[in-house]
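Construct all of the structure, not just a fragment, from the sequences and the given hints.
Taking the numbering used here as reference, the numbering of the sequence shown is continuous, increasing by one, and the terminal residue is 481.
Treat the hints with care, as some may be off.
Derived DSS-like pairs: lysine-lysine, alpha-carbon spacing no greater than 30 Å straight-line [unchecked claim]:
no. : residue 1 : residue 2
1   : K320      : K279
2   : K354      : K365
3   : K368      : K297
4   : K354      : K301
5   : K330      : K354
6   : K301      : K330
7   : K323      : K297
Hints in this document: simulated from the structure, not taken from any laboratory.
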Amino acid sequence: MQRYFLNDAFQNGKARLTGDDARHISRVMRMREGEQLIVVEQEKEAHICEIHAFEEQDVLVKQTGKTIPSPELPIQVTIACGLPKGDKLDLIVQKGTELGMHSMIPFDAARSIVKWDAKKGAKKTERLQKIAKEAAEQSHRTHIPVISSAISFAQLVQSCAQYDVVFVADEEDAKIAERTRLVDKLKKTVDCQSMLVIFGPEGGIDRVEAEKLREAGAITTSLGPRILRAETAPLYMLAAISYEFE
Numbered sequence: 236m237q238r239y240f241l242n243d244a245f246q247n248g249k250a251r252l253t254g255d256d257a258r259h260i261s262r263v264m265r266m267r268e269g270e271q272l273i274v275v276e277q278e279k280e281a282h283i284c285e286i287h288a289f290e291e292q293d294v295l296v297k298q299t300g301k302t303i304p305s306p307e308l309p310i311q312v313t314i315a316c317g318l319p320k321g322d323k324l325d326l327i328v329q330k331g332t333e334l335g336m337h338s339m340i341p342f343d344a345a346r347s348i349v350k351w352d353a354k355k356g357a358k359k360t361e362r363l364q365k366i367a368k369e370a371a372e373q374s375h376r377t378h379i380p381v382i383s384s385a386i387s388f389a390q391l392v393q394s395c396a397q398y399d400v401v402f403v404a405d406e407e408d409a410k411i412a413e414r415t416r417l418v419d420k421l422k423k424t425v426d427c428q429s430m431l432v433i434f435g436p437e438g439g440i441d442r443v444e445a446e447k448l449r450e451a452g453a454i455t456t457s458l459g460p461r462i463l464r465a466e467t468a469p470l471y472m473l474a475a476i477s478y479e480f481e
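Encoded structure:
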């Protein structure tokens with residue numbers, strides 16, 4: 236069953252879908268009155284609805300009284316990625332959304348080869364947000380991850396105080412013979428509501444950056460004995476968090 240997100244609240248059990256969603260229903264899915272779909276109200280609850288009517292370019296739907304349980308992770312996980320090359324952010328946003336990511340923050344890391352173009356930044360963020368929305372619909376989320384514009388490393392350090400726990404994926408940890416297992420570190424966060432996990436770009440986190448993050452309260456961790464690519468590491472972490480908490 237197709238899923239759509241509604242920014243407004245239902246009024247007397249009815250709602251109006253507009254724009255791209257309405258066009259997708261009528262022109263792509265070619266749905267008709269009486270057919271059912273899922274409408275997520277203000278990223279809170281997923282309602283099974285019926286198409287009530289087509290009104291010009293809009294689609295009017297009404298609740299059936301049935302809802303679907305939330306599939307969200309019990310902990311809000313924000314992924315911070317040092318700006319990687321190419322279209323790797325696209326992949327991280329898409330697959331991260333499918334795996335339960337709550338939000339994503341790109342940041343300008345010391346080892347980032349790519350620099351965020353301020354003039355094109357708004358369009359890039361808008362495109363990434365659209366990828367997140369489509370992935371949230373496909374994976375039946377009730378929350379669309381918020382994709383931030385790129386921030387500086389200094390801003391990232393300042394933001395650490397906003398989270399219950401902060402992890403830094405550090406490849407140097409993977410080289411330690413008696414490293415602490417990731418699962419053991421995750422078990423200690425069972426009562427946390429929010430988590431920030433920081434990943435470097437190609438080449439990983441710079442030593443100076445790692446030290447500044449530790450000073451800000453971040454916990455360094457390896458993701459096993461193998462070194463993962465910049466686009467693979469966030470997905471590994473989300474899968475581990477899902478396994479531990481779900």
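Verification of the supplied hints:
1. Annotation: proposed proximity of K320 to K279 is violated, straight-line Cα distance about 35 Å (limit 30 Å).
2. Among the hinted pairs, K354 with K365 is consistent with the structure: their alpha-carbon atoms are about 19 Å apart, no more than 30 Å.
3. Proximity of K368 to K297 is assessed by CA-CA distance (about 22 Å); at most 30 Å being required, the pair is judged to hold.
4. Taking the CA atoms of K354 and K301, the gap is near 45 Å; set against the 30 Å cutoff, the hint is violated.
5. Taking the CA atoms of K330 and K354, the gap is near 27 Å; set against the 30 Å cutoff, the hint holds.
6. Simply put, K301 and K330 have alpha-carbon atoms about 29 Å apart, close enough for the 30 Å limit, and the pair holds.
7. Distance check on the hinted pair: K323 and K297 sit about 39 Å apart at the alpha-carbon level, beyond 30 Å; violated.
This entry does not satisfy hints 1, 4, 7, going by the numbered hints stated previously.
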